[in-house]
Each structure stands twice: as structure tokens, then as C-alpha cells.
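Chemist: So the chains spell out like this:
2 protein chains.
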Amino acid sequence: MPVHLSPPAPGSLKPVAGVRLGVAEAHVRKPNRKDLLVVELPAGARVAGVFTQNRFCAAPVQVCRERLGAGTPIRALVVNTGNANAGTGEDGLARARAVCTALAERLGCAPEQVLPFSTGVIMEPLPVERIVAGLPTCIAALREDAWGVAAEAIMTTDTVPKGTSRQVEVDGRRFTVTGIAKGSGMIHPNMATMLGFVATDAPVAQPLLQRLLKAVTDDSFNRVTVDGDTSTNDSFILVATGAAGGDELVDADAPAAVALQRALREVAVELAQALARDGEGATKFITIEVSGGRDRAECVRVGKAIAHSPLVKTAFFASDPNLGRLLAAIGYAGIDDLDVGTVRLWLGEVLVSAFGGPAAGYVEADAARVMREAEITVRVDLGRGTATDTVWTCDFSYDYVKINAEYRS
Amino acid sequence: MPVHLSPPAPGSLKPVAGVRLGVAEAHVRKPNRKDLLVVELPAGARVAGVFTQNRFCAAPVQVCRERLGAGTPIRALVVNTGNANAGTGEDGLARARAVCTALAERLGCAPEQVLPFSTGVIMEPLPVERIVAGLPTCIAALREDAWGVAAEAIMTTDTVPKGTSRQVEVDGRRFTVTGIAKGSGMIHPNMATMLGFVATDAPVAQPLLQRLLKAVTDDSFNRVTVDGDTSTNDSFILVATGAAGGDELVDADAPAAVALQRALREVAVELAQALARDGEGATKFITIEVSGGRDRAECVRVGKAIAHSPLVKTAFFASDPNLGRLLAAIGYAGIDDLDVGTVRLWLGEVLVSAFGGPAAGYVEADAARVMREAEITVRVDLGRGTATDTVWTCDFSYDYVKINAEYRS
Chain A
1 MPVHLSPPAP GSLKPVAGVR LGVAEAHVRK PNRKDLLVVE LPAGARVAGV FTQNRFCAAP
61 VQVCRERLGA GTPIRALVVN TGNANAGTGE DGLARARAVC TALAERLGCA PEQVLPFSTG
121 VIMEPLPVER IVAGLPTCIA ALREDAWGVA AEAIMTTDTV PKGTSRQVEV DGRRFTVTGI
181 AKGSGMIHPN MATMLGFVAT DAPVAQPLLQ RLLKAVTDDS FNRVTVDGDT STNDSFILVA
241 TGAAGGDELV DADAPAAVAL QRALREVAVE LAQALARDGE GATKFITIEV SGGRDRAECV
301 RVGKAIAHSP LVKTAFFASD PNLGRLLAAI GYAGIDDLDV GTVRLWLGEV LVSAFGGPAA
361 GYVEADAARV MREAEITVRV DLGRGTATDT VWTCDFSYDY VKINAEYRS
Chain B
410 MPVHLSPPAP GSLKPVAGVR LGVAEAHVRK PNRKDLLVVE LPAGARVAGV FTQNRFCAAP
470 VQVCRERLGA GTPIRALVVN TGNANAGTGE DGLARARAVC TALAERLGCA PEQVLPFSTG
530 VIMEPLPVER IVAGLPTCIA ALREDAWGVA AEAIMTTDTV PKGTSRQVEV DGRRFTVTGI
590 AKGSGMIHPN MATMLGFVAT DAPVAQPLLQ RLLKAVTDDS FNRVTVDGDT STNDSFILVA
650 TGAAGGDELV DADAPAAVAL QRALREVAVE LAQALARDGE GATKFITIEV SGGRDRAECV
710 RVGKAIAHSP LVKTAFFASD PNLGRLLAAI GYAGIDDLDV GTVRLWLGEV LVSAFGGPAA
770 GYVEADAARV MREAEITVRV DLGRGTATDT VWTCDFSYDY VKINAEYRS
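Listed in order, the protein sequences are those of chains A and B. If you read the first sequence in the working numbering, its first letter stands for residue 1, the second for the next number, and so on. If you read the second sequence in the working numbering, its first letter stands for residue 410, the second for the next number, and so on.
Check before you lean on any hint, since a few could be wrong.
[Unchecked claim] Which residues of chain A face chain B? A few of them, derived with a C-beta cut under 7 Å, are: (1) Arg55; (2) Leu107; (3) Gln113; (4) Ile122; (5) Met123; (6) Thr314; (7) Phe317; (8) Ala318; (9) Leu327; (10) Ala328; (11) Gly331; (12) Leu338; (13) Thr342; (14) Trp346; (15) Gly356; (16) Ala405.
FYI, nobody ran anything at the bench for these hints, they're computed from the structure. Even glycine gets a Cβ: it sits at the ideal position worked out from N, Cα and C.
Isolated chain A, as found in the complex (with noise of 0.2 Å):
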């Protein structure tokens, strides 16, 4: 059960101008199910993509990461669910520039102008056949008002298709930023998520698109976690389409960027957020906020500690106040000088422990009442600094056993 989240409502997901979305039924894995996305992007898109740094990287992210290299202007995107291409050797990529090359033809582009994205399966052949046998469908249903249907065609174990939209005024001008993101599992974003795709018709200069993406996704996708298993697939990737006219930004400090920029974390952060609220099994929704660090990289330790730690997890999912569990994870996030005796814990607001002990006046029944919530934030203090950082995660349940023990079956 998917915590505080629900499909975009119709007509939310505002179309960005020359972006087209399509879809297809493509039997990738199993028949009767949405698994196949073709994004067409008018000329003089602007794209600019970050991807896991898992070493085992999929195909279709290696193949990515060498046309963008390569700063060839991309007029596509295709997006399987089904099957991950990775762990799939040279095959693998032979099979993903396969894909590319039979859009390109029907699109009348290069086939190096099209990026592949793949999650699903891992270490199975890319049956190419059944894809490509896909493309004409989504091809013809190629339209820009699109988006709720593409978010559902890039599906796994999710139960909420997900995707926000944002839209700013500024200098005289309007932005619109639309998103789309998928995952629930394997879920610990190095770089960016499973799948995250989100355009603006604003005129971004290449450096600054590069820069507000990489500033985006330390602030969203690189803070969620549900399981700590970062995937081989994680890609997320940022369209400019120049379509809203205008001046190209190319000062991140302009107050048009500044709009824009703030747009665009509002969209990545609740596609997010989206990730941990649906995480497999996931029954509640955890906000970890670290302050008083040195630095954000040791906030985002002490973070992931408690939001990685399997005891954490389970006690949030049996509403157990054990705080103890909450004490351990900061303790062994490995900031080797910490003084226990600076940091302070409190579960929602209720300050439940000071000076390496329970705080003065704690009553378990106080932090009880919070764990009973669905959405709980936990607040560290680390008294050591002015540093802060975010992490959000999700509870583990017998249904993150039962779905991670089944899949595939």
C-alpha cells in the first residue's frame, strides 16, 4: 500500500511543447501490460542525463552515456519495462543499439540520436523482435498530452504511476517542468533513480542544463532509499525544448534560472519522495532531517545509516518506539569523532533523546503516539556543526520479503 500517494489526476501532467509520448502493449515479459515508451523530442532539445554509478551498468546506460558523451543532439527516447539488458555483456549492448536503430528508421533520425532505457529483469536477453514489433503503436500514438499513460508504461513493481507538474512565471515568461519516474525497489539512487524523465520548454544553455541536473538530483533522487541496492539501471534524464521562447538561460544566478531551478527540485523531489511512498511493501513514509553536521556528506551518512538499517525499518513498520534502534545506526554511521554526548533525537516533535540517554521527561507513550503515523519525521541533531541534509525511506514489511521472494515467479 502505497503511504499518502495517489495516480496524477487527469489533465495534471501539463504537456510540455514538442515533447510526444506513446505507447505499446509489446509482450516484453508478460502479455496485456503497457511496457514500451517512445518520446519524441523536437529539434534543438536540449538533454542531459546522470546514471548510476553501479559498475555492472545496464546496456542501455552505457549506450546512453556514450551519445550524450558525444553531445549528439538526441531526438528520442525508448523505454522498456520487463527486462533490465543488464548483465548482459556485448549482447547486451548489440541488442540495445538494435532497439535505437529501428526507431531511428522510423523516425528519419540517426540512430545515434536515440537514448534506450530498459528496467526489469536482469541478465536476460532483450527480446529485440517483440520490441521493435511495438514501435509502430506508440509511434502512431505519439501525442504531447501523453504523460499520465507514458508514467504507467514505465511501471514495475510499482502500484502508482507517478508524475508531477510545475509551471512558473518570471521576467514575462512562463516555464512549465513536467516529470515522470518509476521504481519501488532496488532502490538506493547513485546519481538518480530507476527511471526519471523530465522536460521544460524552457531555452537552457547545454552548461547550465548540466549544472541544474546535477544540482536536482542531490537534492531528490540521490536522498531516497528503500533498500540500499543500487540499481544497474538508474537513469535520469533532463530535457530542455527552448520551446517557451525567449533568451537562453545561461546564468544559474538570472532569476529566470532561479525559477526554473526551483521548479525543477519541486518535481524531482515529489517523484522522489514518490519512489519511497510506493517502495515495495512500504506502510509508512519516512522523513530522516540531519542537522548540526560538519558537512551535508556526514548529514547524509547518519541519514542513509538509520534509513538503511533493517531494524529501523522494522520497528517503524510495527510502530515500535525503539529508539535504541535509532541510537545504533547514528553510532555506527561512521563519523569516527562523534561526540554522543552533542546529539539529540527527536521522533516527530517529541525530543525523545539528549546526551547519549533518553531526554529528560521522555515517556515512551509521547514517541508511541508518532510511531503510530503514517508519514513520521525523525530529526538528528548532531551538535557538531551547521550542516543539514534530507533522506526519505520507507518502512520494511513482510510484503518487501513476500514481492523481493516472488519476483520473477
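Following the hints, put chain B in place on chain A, whose structure we already have.
Modeler: This is chain B only, laid out in the frame that chain A set:
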């Protein structure tokens, strides 16, 4: 259900001359269970210890470090279950010392000559009065042949008491090594397991004893993980009474020291493996052998990435040869310059992956056969050096969630 693990057979835990053990039901947390152990050491016994690296280390760990650091000759250990006395601040330290003082008065030694150990729930006050009230029963029960009942008295969520002995004959002398350990959750020792006590009658100089302890710990307790959670209370204590007589062992390369180290290592490895065999909810015992690394550290990183992955552990539970999850874990273990083209992966004797893809001739039925066993060996050859290392773990089942969601309640 523990995996191929039985309680020590009657008489199999050999007494170590001069070391006497006694237990009691002190009702630390629950009635009618053995939860208090006193170990009396003979005058002249040497003691070395390694402890958790968790910054939120428990009060008893702090007291042990102080007393061993001061070089005080240790005459007794006192161990309670049911309460970890961790996350308890200054008050916790006072309570740990109060228990030691009470025992010292009854044994006729100084308070500083007693080491305290606690395991159980975190962040609750240690019930000193009930523990002190149990001490006379422990003292009255002190016997050299009580290792078996001592192993029972230190259990928490363990389902099987853990202990083993070795005897070695070398240079006309016979050394006995006997050890007990406990722990089945919050198990990812960093220096030591939750609680392990090993004693020998060999005469060992203090510097060599410390060196043996470190070497043996790195080969055993520091290579096992159940859930990746490093406890606040991990302690591993090595006692050498010298009762076997003869010259003190000083040189690590002398035949007697080599023979003793081998026996210590065998005892520690068997105890460490027992923790994973009795891991919370375990149905499979997994050995991960990593070879071809540039150094041991990177072999351990890869081994632990596999051992910590909830996706890998649920696949073992399901007997599902979902090899992609293993490759993904190798890929995110943190070896930045890993060339996946040199990595090979075996499940049991079946080569399943090579050159970044499936191995030639690999058939899933072969891997499926291996996955159905209760003991499974995963072998990874990184193909970039000559270092090797081994990590042990267990699978991740519904019962892990059940045990940890219901603990305390």
C-alpha cells in the same frame, strides 16, 4: 530455524583450568530464564578484548575499555541479557559500575578487576537491584564444567546456545581452548560479535594475546553479518590462564603459538559461523568467497555488499537464482575502477557469469539446483589481483521481519 546448528553435545565444552562459571535467573527483563552469568578467572590470568566501533557504545563497553586500558588484572566477568545498558548516558555508566562493585565485594577483589557485559533492549535503565540479587546464586554455582549452561545464559533471540572447544598438543604441552558466543540480530560486528568469550589455559604474554585476538577476530567475527547493523555492545574477550604451565608464549612464530592461534581461529570461526546459522529468521547459511582482489579490503567490500543486500538475501530465501541481484551488488560495492569484463561468478560449482554477461553454457536449472540447498557458497573472482577473503551470512525471510517487528512487544 537455525541452519545445521545444534547445541554443544554434553561434555563437548572442555573446562579451562581455573575458569569457573555460574548462572542465575535474575529476572532482568523476563522471569524464568537464565539471564545472568558470572565468570571467575584465576589470579594471573591475562585478558584481552576488542569492542564495537559504534560511537553509541554501551556503558559496559566503556567500562571494559577503561579497565583493560588501565592494565588492571581482571578477576571476573559479569554478563546480563535482557538489557543492553546502551544509550543510557552517565546513569548507565554508574549502573554498570554498581554491578561490578557488588560482585567484587562478594568475590573479594577490587571493583576495577570486574568487567561488565550487557545485551538486550537499548535505552532502558539497567535493573541493578535484580542483577545484584542474582549474584549469590551465580557465585554458589561456580564450576569449571559449566560452559554449556553459560552459553544458554547469554542467549537473547538466539535459538541455539553456541559454544565449541579445541585441544592442541605441541612441544609436549596440551592447550585447551573453549569459547561461547551469542547473537542473532543486529549482527554486523565491527571488531567483535555481540558477545564472545574464549578462554585457554595456555600461558600467553599480554602483547601476543592482544595480537592473537586481533588476528583471530579479523578472520571470524569481523567477517559475519546478519543484517548489517553494528551493535552498540559487541565485545569479544580472550582469556589465557596459563594453567597449562610451561614457558610463556611470546613469539607469534613459535610452533606452540602457531598451534594455539590455529585452535583459537577454529573456535572463533565456528562461533562466528554459528551467529549466521542462527541469524534471525535464517533458513540458509551463505558463504561468500571473494578472490582475485588487489587487497583483502576490497574482497571484504564485495563480500559484504552481497551479504548486506536485502534483494540478494530475499532471493536466497526464495531459492531463486536471480543472479542479476548478485551482479548488481558486486557492481555497487565501491570498487570504482572495477572492470566487469574480468569478473566471474559461481554459485556452488556452477560458473554462472563471466565477461559481464551469462557464462557460456549456463543453464538456469543448474543454478536453481544449488539454490535449493541449505548451505550455499557464492564465489566471486574479481580477476584483478591475488587477495582473497570470505564473509558469512544468512538469508532474509518473513521471520526476520516478524522477529524484529515483534521484539520488545
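Chemist: Against the structure, test the hints numbered earlier, and report the numbers of the ones violated in rising order.
Modeler: Per hint list: 2, 3, 13, 14 violated.
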